[in-house]
Amino acid sequence: MSEDVTFSIVGSGGDGAVVAGDLAAMACAAVGLHVIKTEAYGPQIRGGESSSTVRISSTPIAAQGEAIDALVVFRFGDFARFRSEMTLSDRCIVLHEPDDAPPPELAAFRCVPVPFAQLTKDAGAPGAKNIVGLGLLAAMFGLPLDSIRTAVRKRFRKRDAAIIDANLRALDTGVQAGLACSGGVSSSQRFDALTPAAPRLLMSGNEATAFAALHAGCSFFAGYPITPSTEILQLLAEWLPKIGGTCLQTEDELAAIGAVVGASFAGSKAMTATSGPGLSLMSEMLGLASIAEIPSVVVNVQRGGPSTGIPTKSEQSDLFHAVHGGHGDMPRVVLAPCDVEDAFHTTADAFNIAEEFQVPVIVLSDQLIAQRRETIDAASLIHPVVPRRVVLDPDDSYRRYAMTDDGVSPMTAPGIAGGMYQTNGLEHDEEGRPSSMFVTHERMNAKRHRKLAAIAEKYPLFRRYGVADPELGILCWGSSAGPVIEAVEQLNAREARVAAFVPRILAPLPIDALEKFIFSCNRILIVELSFEEQFHRYLRSLVDLPPLMTRVLARSGGKPLSAAEVIAAAAILEEVTA
Amino acid sequence: MTFTANDFKTDLKPVWCPGCGDFAVLNSVHRALVAAGCAPHETILVSGIGCSSRLPGYVETYGLNSLHGRALPIATGAKLAQPRMTVVAVGGDGDGLAIGGNHFLHAARRNVDIAYFMMDNEIYGLTKGQAGPTTPTGDKTKSTSYGNPDPAIDPCALAIACGASWVGRGFSGDVKGTTELMTRAIQHHGFAFLNILSPCVTWRGEEQHKEIRAKTRAVPADHDVTSREAALRFTDEQEQVTTGVLYEVNRPTLLDELSHIERRARGEKPAATRSDFLAAFGA
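Those protein sequences? They're chains A and B, same order as listed. Sequential numbering from 1 applies to the first sequence in my numbering. Sequential numbering from 1001 applies to the second sequence in my numbering.
Check before you lean on any hint, since a few could be wrong.
Claimed, not checked - In silico DSS-like pairs for lysine-lysine, Cα to Cα no more than 25 angstroms straight-line:
(1) B/Lys1176 x B/Lys1013
(2) A/Lys516 x A/Lys559
(3) B/Lys1128 x B/Lys1210
(4) B/Lys1176 x B/Lys1128
(5) B/Lys1269 x A/Lys158
(6) A/Lys154 x B/Lys1269
(7) A/Lys121 x A/Lys158
(8) A/Lys242 x B/Lys1210
(9) A/Lys458 x A/Lys516
Because the hints were derived from the structure by calculation, they are not lab data.
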């Protein structure tokens, strides 16, 4: 039996909707449950509407909750702003203030008036209606109350004891009120019978990325604040000084990637993090890193684009920019995490590949992975680390760009006697001397691109899900993997034969494994959050897709993909190709 | 081990035009690195793009001739990553003040411990003769057929205003003087900006060199280098050009500040470990 529930708390700034969601997520993670928590905000800097959606399950989950089983609404005016992005399950219970009537379209759901404001007064905890709401939800779904109390104490540990007590009273008041609402909640939504398991970590993709950088030995970070990647800058500003590393907040993204290239040239493992607009600015410097063969890691957390687009919401539309952006023939590597834990592994691999092959590596994360909090096992946060290969005792024949079979040449670093070289973004010969001769350009292009073949062979990163002999094969990447994995499970539970292939390295694409997968399927469904179908078009440029048996589910970002959408697209594909 | 100017020379032949002021600047760089006690393998030269930005190719150190306008962020990253190295950024007026102007402001403000030599020829030479940020108003160039509409920037005034802790001006025609200024700039603790008037014989004419020579005056012996007001009197000059150290103060460098931050972050504790970081996430 698998217990699985999703609830949302919606309110205005100051209502504490996000805090209540955090507390529920922390408390459930602490007793070993599986949690994915997302947040959504209006565009206001402070105040404005905010919502927190928490999915809790007794078994592993791959995606954020897509159908909401319970909704706490402090004000329907705020709910209206999120309505188009929220799907309510048929059995959804809507808890609201008595004097705030639900809109007519919610009449089909069970709407229960709860006097939140009055209850907080009764509890002597004014302002704690979020905690009352949390108590209600805890009672309804049998969430671990002791663990929630611990989470409340931890959250308010720097405040007066009186404030902690008031919040705990608000929690109990909510629990009492919630017992009256529990009717109609099925046993598959109640967790009170579960025995606590070992605690899980609760982490966001940005946090996993920052942690991976430390794990990989990154000692230099430079960045410029930009939503939704800013947490990486903030965390490394806090963490790097604790291990003797350096974090620099630069004047712009041009300087951020410049400082990374400078630090790496000087011998340090270095990284920057940004989002689409910043990646656009960094393009030229990535070209320098590519031609001068300077290891560099850029994390790009995708958001809605182009231009400023939708800074707070996810999209998968930076793919073309990452794999093709910039002028000239420019070998670079693009990795893409498919969940929070994978943000750790792909970032660690980004350093390994950058260091071993002296190339720029872009980690193409997205807002949905970067800013959702997800439970993971601490034991999974282990990854091999490749040190920088430096020639410590170069002799007179040392040439920085010497020809080699795999295209990787010996690298020295400042401080090493006899290892001096002068490099540049001009085409250059094996010694780094500028050259505008065709023959040098052709040879050096070939040398730099040979590295991609070596990388493709050593890092064919992908994940495969579903049955071994699929009838339908789904191709997707990044955060789309979550809903796709759940759709595959649901379809296979209905005796369909479905599998999914999720490349975690997009450039160079793991062509052999991908082609093998495609040939093993009768029909192919491509799933992505890009209006221009960038992933579909990118795949078309590199592999053959069965012409009449391929369908694409592609739409704008701004709203998370759901398993239901994937299942519906699979049904249409089956119909049109039957 | 001591080094000679020859130890800092590469056998690459400069691409510059005969008579270019940058030859003399290069000569001064070779000598100044010796005078400042630098070792080739412990020195990093970074440049942007332009005629003068070719300079690192002609100096036997670790060198990076990078992107147009981006020498300073790269030099900053290199210095922070390897504080023991001597880091020198070089480039032209267009590279540093036009496309790279924003970085100039911030490198000076942060007081990054690097020396920055700007070879100022008042023109874009590599692209063959367009007006740049130091080209005088009214000058006819390839891109200003009817006269340059923009006023010129005085790089030294800008450096002082932005917070550089050492500002000097030199003239390529005075190799000895420029070498001394470079040496002091390299030895200065903080962001040291040296504006070097380096004539472009090809696009500014043979006369530019003579005109500059005629206008240059050494900074008066009684000049108070710690006074911003006094230093600014030797900027935006019309009838003469003052060379020498215009401004010199000591204030904490970016590296000084970062080491304070490390102490605040760590206190007396040893370096944080994996479990310290994971504790924040419920481990």
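Hint check:
no., hint, verdict
1, B/Lys1176 x B/Lys1013, "holds, 23 angstroms"
2, A/Lys516 x A/Lys559, "violated, 32 angstroms"
3, B/Lys1128 x B/Lys1210, "holds, 21 angstroms"
4, B/Lys1176 x B/Lys1128, "violated, 30 angstroms"
5, B/Lys1269 x A/Lys158, "holds, 23 angstroms"
6, A/Lys154 x B/Lys1269, "holds, 24 angstroms"
7, A/Lys121 x A/Lys158, "holds, 23 angstroms"
8, A/Lys242 x B/Lys1210, "violated, 56 angstroms"
9, A/Lys458 x A/Lys516, "holds, 18 angstroms"
Of the numbered hints listed earlier, those contradicted by the structure are 2, 4 and 8.
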